[in-house]
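Peer 1: Mind docking chain B on chain A? Use the hints.
Number of protein chains: 2
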Amino acid sequence: MKALGRHVLAEFYGCEFDTLNDIKLVEKIMVNAALEAGAEVREFVFHKFSPQGVSGVVVISESHLAIHTWPELGYAAVDVFTCGDKVDPWEACNYLTRGFRAKRVLAKEQKRGLIFETSPQAAQAV
Amino acid sequence: MKALGRHVLAEFYGCEFDTLNDIKLVEKIMVNAALEAGAEVREFVFHKFSPQGVSGVVVISESHLAIHTWPELGYAAVDVFTCGDKVDPWEACNYLTRGFRAKRVLAKEQKRGLIFETSPQAAQAV
Numbered sequence: 001m002k003a004l005g006r007h008v009l010a011e012f013y014g015c016e017f018d019t020l021n022d023i024k025l026v027e028k029i030m031v032n033a034a035l036e037a038g039a040e041v042r043e044f045v046f047h048k049f050s051p052q053g054v055s056g057v058v059v060i061s062e063s064h065l066a067i068h069t070w071p072e073l074g075y076a077a078v079d080v081f082t083c084g085d086k087v088d089p090w091e092a093c094n095y096l097t098r099g100f101r102a103k104r105v106l107a108k109e110q111k112r113g114l115i116f117e118t119s120p121q122a123a124q125a126v
Numbered sequence: 001m002k003a004l005g006r007h008v009l010a011e012f013y014g015c016e017f018d019t020l021n022d023i024k025l026v027e028k029i030m031v032n033a034a035l036e037a038g039a040e041v042r043e044f045v046f047h048k049f050s051p052q053g054v055s056g057v058v059v060i061s062e063s064h065l066a067i068h069t070w071p072e073l074g075y076a077a078v079d080v081f082t083c084g085d086k087v088d089p090w091e092a093c094n095y096l097t098r099g100f101r102a103k104r105v106l107a108k109e110q111k112r113g114l115i116f117e118t119s120p121q122a123a124q125a126v
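So the sequence lines, in the order shown, correspond to chains A and B. Note that the numbering used here numbers the first sequence so that position 109 is 109, with each residue one more than the last. Note that the numbering used here numbers the second sequence so that position 83 is 83, with each residue one more than the last.
Because the hints were derived from the structure by calculation, they are not lab data. Please note: incorrect hints may appear among the correct ones.
One copy or two, it doesn't matter: identical chains are merged, so the pair holds either way.
Capping the alpha-carbon separation at 30 Å, the derived lysine-lysine pairs in BS3-like fashion look like this [to be verified]:
1) 108 / 2
2) 24 / 108
3) 48 / 2
4) 24 / 103
5) 103 / 2
6) 111 / 28
7) 103 / 28
8) 48 / 103
9) 86 / 2
So here's chain A without its partners, still in its complex pose:
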């Protein structure tokens, strides 16, 4: 069984208010994380909320990175979704951990799009 995508869901705790509330900084860290992991950036959109918080997404050829920040709690929800073998989502996740200086990270990988593969040999054997 082959997975089409790898999706890392990460919870970043203990980040600084000013980092998580700075839309330009959040955008820069997210885009750089994608580039650092070898992804091809297609588009990105970021939005600043009032009184605080930033949401944003980087669409890459290999899927996407997303973030939602709660500066008042020092928390950010981070997603790194990649397909193909070229980009390792954990490379981007590790870059983000350093970029946001998260004191505690809970992260796990979820396989997306499990597809059953049959080889001609397997089909013949049936």
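Peer 2: Below, chain B without anything else, positioned relative to chain A:
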């Protein structure tokens, strides 16, 4: 313990090639799913891949919706991430299931950003 966000990860199988490969249709279904669930749409970006496939994200005030399609496999990876009590991610997910006419859907909800809450009463009791 309170969760800041609810994240539905859904795998749509058995969708039609032409639906999953039509960027304008995919965009319309995704944006309408957000609106149907009562979300406030902030921005959206969609990208068409060659020879096939669409990736896109809708940033909403309550977080985001994302999709990546593999038309040749009839498969789409769908995410609906919401925060707050106003929007139910499953409403958007159900709309998307109908919109993409998925024959089989595997979906689960992941809580995001678990925060320990202490009430003044609890603090006094300690």
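Peer 1: My question is about residue 48 and residue 2: at a cut-off of 30 Å on alpha-carbon distance, are they close within one copy, between copies, both, or neither?
Peer 2: between (38 Å within a copy, 24 Å between copies)
Peer 1: Pop the pair residue 86 and residue 2 into one bin, within, between, both or neither, using alpha-carbon distances up to 30 Å.
Peer 2: Answer is within; shortest intra-copy Cα gap is 16 Å, inter-copy 37 Å.
Peer 1: Go through the copies and call it for residue 111 and residue 28: within, between, both or neither, with a Cα cutoff of 30 Å.
Peer 2: The answer is both: 27 Å in one copy and 27 Å across copies each meet 30 Å.
Peer 1: Classify it for me, residue 24 with residue 103: is the Cα-Cα distance of at most 30 Å met within a copy, between copies, both or neither?
Peer 2: Within one copy only: 21 Å inside a chain, 42 Å across chains, cut-off 30 Å.
Peer 1: Between residue 108 and residue 2, at a C-alpha cutoff of 30 Å, which is it: within one copy, between copies, both, or neither?
Peer 2: Both: 18 Å inside a chain and 20 Å across chains, each within 30 Å.
Peer 1: Should residue 103 paired with residue 28 be assigned to within, between, both, or neither, using CA atoms and 30 Å as the limit?
Peer 2: within (20 Å within a copy, 40 Å between copies)
Peer 1: When no copy is named, should residue 48 and residue 103 be tagged within, between, both, or neither for a Cα gap of at most 30 Å?
Peer 2: This pair counts as within: shortest intra-copy Cα distance 23 Å, inter-copy 38 Å.
Peer 1: Using 30 Å as the alpha-carbon threshold, which applies to residue 103 and residue 2: within, between, both, or neither?
Peer 2: Between copies, since 20 Å is at most 30 Å while 34 Å is not.
Peer 1: Go through the copies and call it for residue 24 and residue 108: within, between, both or neither, with a Cα cutoff of 30 Å.
Peer 2: Within one copy, since 27 Å is at most 30 Å while 33 Å is not.
Comparing the model with each numbered hint stated earlier shows that all of them hold.
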